[in-house]
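Take these sequences, add in the hints, and give me the full structure.
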Amino acid sequence: MFALAGCSTPQGGPEDSTLDAFTRWHESARAQAHAGVLRWSDLYKESFDRLTALPPSLQQDTRLENTVLLLSTARKYEANEMSAQQFARERDHIETQLEARLR
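FYI, in the working numbering the residues of the sequence shown are 23 to 125.
Hints in this document: simulated from the structure, not taken from any laboratory.
Hints should not be assumed to be uniformly reliable.
Unchecked claim - Restraint ranges, calculated between C-beta atoms of paired labels, are given here:
1. 43 <-> 118: 20 to 26 Å
2. 110 <-> 90: 15 to 21 Å
3. 78 <-> 105: 15 to 21 Å
4. 102 <-> 78: 34 to 40 Å
5. 70 <-> 118: 16 to 22 Å
6. 100 <-> 74: 18 to 24 Å
7. 102 <-> 79: 16 to 22 Å
8. 106 <-> 79: 18 to 24 Å
Note that this is a predicted model, so its numbers are computed, not measured.
A virtual CB, placed ideally from N, CA and C, is assigned to each residue, including glycine.
Right under this line is the structure:
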């Protein structure tokens with residue numbers, strides 16, 4: 023999963039609301055991708071664009087790095103270079119790594 027909840031700064035500073043807004047958007051868009059309404063590559067391209075607009079932070083850097091990997095994987099899947107099962111496994115692996123790095 024690409025759970026980003028609970029990743030805000032402990033101080034509750036202005037970055038929180040920006041990250042919270044991104045998290046809410048991402049959860050909704052991810053559900054659309056799972057439902058087949060949104061292409062996975064579109065989700066990750068939009069994620070990249072939204073993340074680059076956030077104030078610089080280590081969390082932003084970590085998310086961007088993983089988003090690039092996810093975008094590349096989604097494009098391979100959509101180009102039929104991997105099966106749906108391979109894509110799901112790779113996506114889950116990258117998202118699990120992201121969760122661990124953000125703890």
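query = Taking each numbered hint in turn, which are not upheld by the structure, reported in ascending numerical order?
reply = 3, 7, 8
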